[in-house]
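**Student:** Which chain is which? The protein sequence lines are A and B, in order. Just so you know, the working numbering puts 127 at position 127 of the first sequence, and the rest follows in order with no gaps. Just so you know, the working numbering puts 310 at position 310 of the second sequence, and the rest follows in order with no gaps.
Heads up, some of the hints might be wrong.
Said to hold, decoys possible - Taking beta-carbon pairs under 7 Å as the criterion, some of the chain A residues facing chain B (in silico):
no., residue
1, Glu-31
2, Val-39
3, Leu-103
4, Glu-107
5, Lys-125
6, Ile-127
7, Arg-133
8, Thr-173
Simulated from the structure, these hints should not be mistaken for lab results. As the structure is a prediction and not an experimental result, all values here were calculated from the model. We put the beta carbon where it would ideally sit given N, CA and C, even for glycine.
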Amino acid sequence: MSDPSQILLVGHPNVGKSVLFNRLAGASATESNYSGTTVDYAEGDLVIDGDTVPIIDTPGTFSLDPRDRAEEVTVELLEDAADVLVVGVIDATRFERGLNLMLELIERGHELLVALNMWDQARRKGIDIDVDRLEWLLGVPVVPAVATEGRGIKTLQRRIDEAHAPSIEQVQTRIRNGS
Amino acid sequence: MDSQLDPAARWNLVDEIADQTVEYETAEASVADEIGQLMVSPWTGFPFAIAVLYGMWGFFGAVAGFFTDGYFVPLFDRYWLPWLQETFPLEGTWVYFVLVGDPAATNSFEAFGMLTSGLFIAVGVVVPALLALYFILSVLEDSGYIPRLAVLLDTFFHRIGLHGFAVVPMVLSFGCNVPGVEATRSLEGEKQRFIMMTLLSVFIPCGAQLGVMLSLIPQYTGFILLYLIAGFFVFGAVLNRVVSGSIPEFIVDIPPLRWPRPRPLGQKLAMRTRGFLTTGLPFVLVGVGVMNVLYVTDLMSVIGMAVQPVLTGWLGVPADTVPALVAGFMRKDLAVAQLSAIALTPYETVMSVIMISLYFPCVATFVMLIKEGRNSGGLTRVLLGSLATLIAALFIWGGLFHLLGIVMGVA
Numbered sequence: 001m002s003d004p005s006q007i008l009l010v011g012h013p014n015v016g017k018s019v020l021f022n023r024l025a026g027a028s029a030t031e032s033n034y035s036g037t038t039v040d041y042a043e044g045d046l047v048i049d050g051d052t053v054p055i056i057d058t059p060g061t062f063s064l065d066p067r068d069r070a071e072e073v074t075v076e077l078l079e080d081a082a083d084v085l086v087v088g089v090i091d092a093t094r095f096e097r098g099l100n101l102m103l104e105l106i107e108r109g110h111e112l113l114v115a116l117n118m119w120d121q122a123r124r125k126g127i128d129i130d131v132d133r134l135e136w137l138l139g140v141p142v143v144p145a146v147a148t149e150g151r152g153i154k155t156l157q158r159r160i161d162e163a164h165a166p167s168i169e170q171v172q173t174r175i176r177n178g179s
Numbered sequence: 001m002d003s004q005l006d007p008a009a010r011w012n013l014v015d016e017i018a019d020q021t022v023e024y025e026t027a028e029a030s031v032a033d034e035i036g037q038l039m040v041s042p043w044t045g046f047p048f049a050i051a052v053l054y055g056m057w058g059f060f061g062a063v064a065g066f067f068t069d070g071y072f073v074p075l076f077d078r079y080w081l082p083w084l085q086e087t088f089p090l091e092g093t094w095v096y097f098v099l100v101g102d103p104a105a106t107n108s109f110e111a112f113g114m115l116t117s118g119l120f121i122a123v124g125v126v127v128p129a130l131l132a133l134y135f136i137l138s139v140l141e142d143s144g145y146i147p148r149l150a151v152l153l154d155t156f157f158h159r160i161g162l163h164g165f166a167v168v169p170m171v172l173s174f175g176c177n178v179p180g181v182e183a184t185r186s187l188e189g190e191k192q193r194f195i196m197m198t199l200l201s202v203f204i205p206c207g208a209q210l211g212v213m214l215s216l217i218p219q220y221t222g223f224i225l226l227y228l229i230a231g232f233f234v235f236g237a238v239l240n241r242v243v244s245g246s247i248p249e250f251i252v253d254i255p256p257l258r259w260p261r262p263r264p265l266g267q268k269l270a271m272r273t274r275g276f277l278t279t280g281l282p283f284v285l286v287g288v289g290v291m292n293v294l295y296v297t298d299l300m301s302v303i304g305m306a307v308q309p310v311l312t313g314w315l316g317v318p319a320d321t322v323p324a325l326v327a328g329f330m331r332k333d334l335a336v337a338q339l340s341a342i343a344l345t346p347y348e349t350v351m352s353v354i355m356i357s358l359y360f361p362c363v364a365t366f367v368m369l370i371k372e373g374r375n376s377g378g379l380t381r382v383l384l385g386s387l388a389t390l391i392a393a394l395f396i397w398g399g400l401f402h403l404l405g406i407v408m409g410v411a
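Work the whole structure out from these sequences, hints included.
**Tutor:** Structural data, given as structure tokens:
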């Protein structure tokens, strides 16, 4: 794909977007261990292959139908920017609902790459996710990560240009064929 | 593009993907999970919360006191103040008065010049207090204790039309009202946001103010704080009935308990302290300057005469507290510090501090109220509502305290 104008970190509240953002952009957005720390967006720069692209940390959102002011900020950011690339952040311990948001992003035709954050906690809780299969089903890159420890960040950075915008029909077809 | 599924179909898809990719094994609850559970069950949770609050208060007092009384008071009183009084030229002129203040003052609270009291309050008192307080707040935030406190307190907050999660802006406001008001954004519904914003800016003293209170009147600080928090809940209950609108139910995730990591903790501490040094400190200095100009031009006594009936008649404090009220528009810490320059009885001191806390948010909080009010039911509604609440709070809650004072025979 061509270079995106912006990279947006999108995900539920408290999945680690700000931590990931700080790791990727070398910035210092406020990180806390509860929902709703980021109520406005923060902007930083990410360097991919020598090019600098603005990367934006958004307030957490449960869906793309906003319910509070902080969520509206995220949806507006997604709607306003053309050719924006989305890094969807999922808390791997709450995999299903994160996936739901990712599907919403796919339906709206966004270029997407998925970060499966809190991978260590998921393993500890006995949740085992088949990343390769997930990647194939969704048709977008999926990268396990532990943002607080900086694990998976390099891979995420390297694979950002593989972000892809599959159609939801393609995803449905693959799921049907897969089962 | 843009072929959107309805929610049910999307969830079916989620289920199918999960079926094909995820396996769950049963895992035992970790020690952190167990402790987290104890923090939210009432029988263990409340004692734990009280212990946490007590520990926080102790830590705050000890650390702030260690730096302020141990280092800054001797430094400013013994060296900086006498040296400045000696060497600064132009003694007797208004320049000297504005910058250095009282040439005969023996302590840095009372000199009240920009370079004496202004610097001392900002650097010597407020910075240590904020460092201690922000450290505590950051640990609470990063460990995941705050959302557990929210669960524990949910019932109480429901009585005033809020959800337990409203402790987040409340806790943040004890550091500084500005981020507290900003954090109301994560609350749902205009009614809830309005109530919370108003209560925060009227009743919650900020860290800078607490720092000065702790340094000047440690024996009354806890008491004043309790009276203000009681007011928070009483006025919340009233607002909940008076303000129209509903408050939607709210479900929130409880994150796992974690050890705070040192690096983000340090970053947060640095960021918040830098915030004070760049935006708070200039305000303190300018505030002292403005006050002194009002003195020199005699405007202060004009204002004093205008509001004296309310002050003395209704609240039972002398008109000498007017300078503190003026200072309170700019900074609450400065306002409390200003009180040290006048002779007050214990009752008058406590009443004055309560009055300063209630009567008007500092200018930074006011600006944030305007900014957030615009998105929470309209600017006029929020501003008029907040103003009406603070006037009611000042007269009723302040008047009630005067009545208490009269009944107890101290006022």
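**Student:** Decide, hint by hint, whether the structure agrees.
**Tutor:** These are the hints, each one checked on the structure:
With a cut of 7 Å, the hint placing Glu-31(A) at the interface with chain B holds, because the nearest CB-to-CB distance is about 5 Å. Of the supplied interface hints, the one on Val-39(A) holds, with its beta-carbon coming within about 4 Å of a beta-carbon of chain B, less than 7 Å. At about 5 Å, the closest approach between the beta carbon of Leu-103(A) and any beta carbon in chain B falls short of 7 Å, and the interface hint on this residue holds. Evaluation of the Glu-107(A) hint against chain B yields a held restraint, the C-beta minimum of about 5 Å falling below 7 Å.
Using the Cβ-Cβ criterion of 7 Å, the hint placing Lys-125(A) at the interface with chain B is satisfied: the shortest such distance is roughly 5 Å. Hint on Ile-127(A) holds. Least Cβ distance to chain B is approximately 6 Å, under the 7 Å limit. The closest approach between the C-beta of Arg-133(A) and any C-beta of chain B is roughly 5 Å, which is under the 7 Å cut-off, so the hint is satisfied. Annotation: Thr-173(A) was flagged as interfacial toward chain B, and the flag is violated, the nearest CB pair being 12 Å apart, outside 7 Å.
Hint violations for this structure: number 8 only, all remaining hints satisfied.
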